[in-house]
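*Asks:* Chain residues, written in single-letter form:
Number of protein chains: 2
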Amino acid sequence: MKTANAKKFFPHSTKVYTTGSRPDIRVPFREIELAHTLNEDGSQKNFNAPVRVYDTSGPTLDGPLPALRADWIAERAHATQLELARAGAISPEMEFIAIRESVDPELVRAEVAAGRAVIPINRCHPECEPMIIGRKFRTKINANIGNSALGSSIDEEVEKMRWAILWGSDTVMDLSTGKNIHETREAILRHCPTPIGTVPLYQALQKVGGDVDELTWDIYRETLIEQAEQGVDYFTIHAGVLKEHVPLANKRLMGIVSRGGSIMAQWMQNKGKENFLYTRFPEICEILQKYDITFSLGDGLRPGCLADANDAAQFGELTTLGQLTKTAWEHGCQTMIEGPGHVPMHKIKENMDKQLEDCFEAPFYTLGPLVTDLAAGYDHMNSAIGGALIGWYGCSMLCYVTPKEHLGLPNKEDVREGVVSHKIAAHAADLAKGILNAQDRDDAISLARFEFRWEDQFNLCFDPEKALRFRKESMPPGEEFEVAQRYCSMCGEKFCSMRINHEIRNQS
Amino acid sequence: MKTANAKKFFPHSTKVYTTGSRPDIRVPFREIELAHTLNEDGSQKNFNAPVRVYDTSGPTLDGPLPALRADWIAERAHATQLELARAGAISPEMEFIAIRESVDPELVRAEVAAGRAVIPINRCHPECEPMIIGRKFRTKINANIGNSALGSSIDEEVEKMRWAILWGSDTVMDLSTGKNIHETREAILRHCPTPIGTVPLYQALQKVGGDVDELTWDIYRETLIEQAEQGVDYFTIHAGVLKEHVPLANKRLMGIVSRGGSIMAQWMQNKGKENFLYTRFPEICEILQKYDITFSLGDGLRPGCLADANDAAQFGELTTLGQLTKTAWEHGCQTMIEGPGHVPMHKIKENMDKQLEDCFEAPFYTLGPLVTDLAAGYDHMNSAIGGALIGWYGCSMLCYVTPKEHLGLPNKEDVREGVVSHKIAAHAADLAKGILNAQDRDDAISLARFEFRWEDQFNLCFDPEKALRFRKESMPPGEEFEVAQRYCSMCGEKFCSMRINHEIRNQS
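Line by line, the protein sequences are chains A and B.
When the count follows the working numbering, it moves up by one through the first sequence with no breaks and lands on 508 for the last residue.
When the count follows the working numbering, it moves up by one through the second sequence with no breaks and lands on 1508 for the last residue.
Don't read these hints as lab results, they were simulated from the structure.
It cannot be assumed that every hint is accurate.
[As the list claims (entries may be wrong)] Here are the computed distance ranges between Cβ atoms for each label pair: (1) Phe1047(B) x Thr216(A): 55 to 63 Å; (2) Thr19(A) x Gly1272(B): 53 to 61 Å; (3) Pro59(A) x Leu1436(B): 51 to 59 Å; (4) Glu1482(B) x Glu465(A): 53 to 61 Å; (5) Gly1272(B) x Glu33(A): 55 to 63 Å; (6) Lys1243(B) x Phe481(A): 36 to 44 Å; (7) Lys251(A) x Ala1077(B): 52 to 60 Å; (8) Pro1066(B) x Glu40(A): 51 to 59 Å; (9) Lys1251(B) x His36(A): 17 to 25 Å; (10) Glu1482(B) x Glu244(A): 56 to 64 Å.
All figures in this text were calculated on a predicted structure; none of them were measured in a lab.
Where is the CB? At the ideal position from N, CA and C, for every residue including glycine.
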């Protein structure tokens, strides 16, 4: 299944652009065309203005992308967005984002300057459309893709990336650990209009044949630069797992469930040395500053089950991540912090508050959290519950979880389910935290529902294709779905509350 | 697909019983057998005790059920559980529930006596296994079934009921509005081990050919008694929608979305009279008291979209429901209150707190709430987010929502998805509100995950069949899943954090 034809999934949508202060700042939106409100006799009663929504899918879903930002990059010296913001400059990227988020460009600049928001965008990824991660802006979501030793090809991974952004993923992480890591990433980057994140440790370990003892700073450094040159926009770096934390993790029910965290723990234990990602951190900062790659400080000690949530290991690492944030900021590097994991609902706020305090309000980027350990096969929903909550409390980006979590690698349908469930969570968080105009689209669909504008109901929701398919599926045998139908099979015509409402209003 | 063979879906589970103070109090549990923890050489390291979980599926999923409670009912006068509790008696039903919930029988009695919990169980439904709805106990879930004018047969509805309780639904509402309402309900009741709820107004309206103007108290009263005699355990009664509320609802974006609410609003408007369910409420109480049917006071003015949440119409009705609760209690009737609907996350706590205050802590029973209007096709997840939150805040029962919400009637797979997603929400709520030992099963699955006991991981989760199927699906081509595998295809063997953990611990 190729995603190239977005019209198939969003049939009444058009990509439109708003131009900024210069002609090459062209900000994409998806505009959803609505039907007229009709009178009972079929004549037009009201015109319904189209609804514009944030769009992540990029200029095309077919072929490599143009270098949108080539001129912007060429025009300025090697400064990061953080350095530009601190100097009081509003970069084209910041203006692009302000239009995209419908906010004042000065808000974008101020939040980036304060470290409360990041714009993950490598100088070597000119195809990328600028976006922002910070709690005063729309809650973002990330989709993980990537092969493992056990399967999937380059084309499949590019296709998964396109598929994820079609459904609304704001960034994509390539977590490949299998064959052709470099080529897979290259193909993804040249086709991807959103920031790409990676965990460079995976490739570094691959280079030494998976033997943790052979891992060295030189190999890691070479890998960082290789990926930086390709254009990776943010790096997960597990620099916060220290020797002193390993005994804390050994007391846990599940120990260390982060791949990066467990690799570094094993390295430290075998070598008897401190984590080289920690000891070499200033050197890492210098590399990331040069490309304006954003730190995503990995939570190597995230809890893998409820029993381990908010424990000494997790919070010990979080304190270290706060120290590293300061160092990164001193080097002009943008920084966000990764978070759990498995956390019961009543412990989520404590985790969020502690992150804001310990990491000086650097943006939080969490996986879930999952609010129970029992939901294998349904972990995308489990994660959406925790994600909605932590987004409301102040988390800036949610890493999606798919129905295959804990079981294996997701296929395309799993990616779609994972993205849409977390779009729901992120939007719920935006409504709750009061993002301006977040409810407009909800109000538009509710009015469409009230007025029996079925097509608009499908087109305004997160997954028009599925909604229409489900509607058709639930028609009684022998009946076809018609868009003019003034009831549905849930209640049938006589018991339709919407129909009765119209009668009541007409009589009032 | 017949559900009769529960072993297919829960292959390592056995139904076991705990006997109470008399031999006919036999409380069912599902016992999940676990594998031994093995050493690397395959020898046994630890025995893992089986895990007992709450079980709703009843004595059999094949054929009509025995009259479990016949003797208990015969032994006592026509007192309701509320009246018994007030008199200081611990009924066999209360003892059954205490064992089921692992609490002191006195807690059950005290909560019922105070009106903070209900035991919906009609004297004429002796097949029903007692259960309790109240916020000091496990959060319950309800599944709606029922035909509409547009489809589905009696056998299909019985099958949907069995299917819903197999997956863990605590009560089932039969919302049939189509043909053979009486016969469908009879078949469901005689096969159902959980409480059954209905909305008698639907059948009353059916009796007058769907013509709201022909609805009378006599027809409604006759319908109440007909359903009471069959054994319906709780009735949704929309007695709180008053004439004064209709103008408030007309100001809304979506008006009245409750079927019962819109029917009564139309009746009041056409007749110029007050809601007869309100004016005749004391007479209704007398009928319900006689059978010990629990009131589920309907929220005819629940918000159908975010824009209408927590508005004057909704809260006006809630105040009326509080008055009615007092009247019901005076008649010795057990009472719970129905709630929304569509409510953004930041307004859920206000709604919950107001319900507890206005309705004197009578149990709250909500549909969702859905936290966005945009999730057609995914509304079960949308509802699980709001449901988890309101359950944590004090809601006692969540009405499920299926993926077909807003689109049509659910099929069997939709029912399964709807039940399991709300089991996740209810369990998340139980963990957050601190239900004793709620986390035991989570801890058991986490240990199984850590120890690569794959079968236990499947068997302990909410849907073992799906988890195993997904695991097999995600195996690379040509490889078979083996339960002894010490990694999964998400990371592959080298990058498996669990494997690395074991190495770290072995070396420590």
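*Asks:* Within 53 to 61 Å: is that where the Cβ-Cβ distance between Glu1482(B) and Glu465(A) falls?
*Replies:* violated (37 Å)
*Asks:* Measuring from beta carbon to beta carbon, are Phe1047(B) and Thr216(A) in 55 to 63 Å?
*Replies:* Roughly 44 Å apart at Cβ, these two residues miss the hinted range, so it is violated.
*Asks:* Assuming the hint says 53 to 61 Å, is it satisfied by the Cβ distance from Thr19(A) to Gly1272(B) or not?
*Replies:* Since the Cβ atoms of Thr19(A) and Gly1272(B) sit about 59 Å apart, the hinted range of 53 to 61 Å holds.
*Asks:* In this structure, is the beta-carbon distance linking Lys1251(B) and His36(A) contained in 17 to 25 Å?
*Replies:* holds (24 Å)
*Asks:* Is 51 to 59 Å respected by the C-beta to C-beta distance linking Pro1066(B) and Glu40(A)?
*Replies:* Cβ of Pro1066(B) to Cβ of Glu40(A): about 55 Å, so the range 51 to 59 Å holds.
*Asks:* Using the Cβ atoms, figure out if Pro59(A) sits within 51 to 59 Å of Leu1436(B).
*Replies:* holds (56 Å)
*Asks:* Range hint 36 to 44 Å: satisfied by the CB atoms of Lys1243(B) and Phe481(A)?
*Replies:* With a Cβ separation near 37 Å, Lys1243(B) and Phe481(A) satisfy 36 to 44 Å, so the hint holds.
*Asks:* Gly1272(B) and Glu33(A), beta-carbon distance inside 55 to 63 Å?
*Replies:* Violated: the Cβ-Cβ distance is about 43 Å, outside 55 to 63 Å.
*Asks:* May I ask you to test the hint 56 to 64 Å on the CB atoms belonging to Glu1482(B) and Glu244(A)?
*Replies:* violated (38 Å)
*Asks:* Between Lys251(A) and Ala1077(B), is the Cβ distance one that fits in 52 to 60 Å?
*Replies:* holds (58 Å)
Violation of the numbered hints given earlier is confined to hints 1, 4, 5, 10; the remaining hints are satisfied by the structure.
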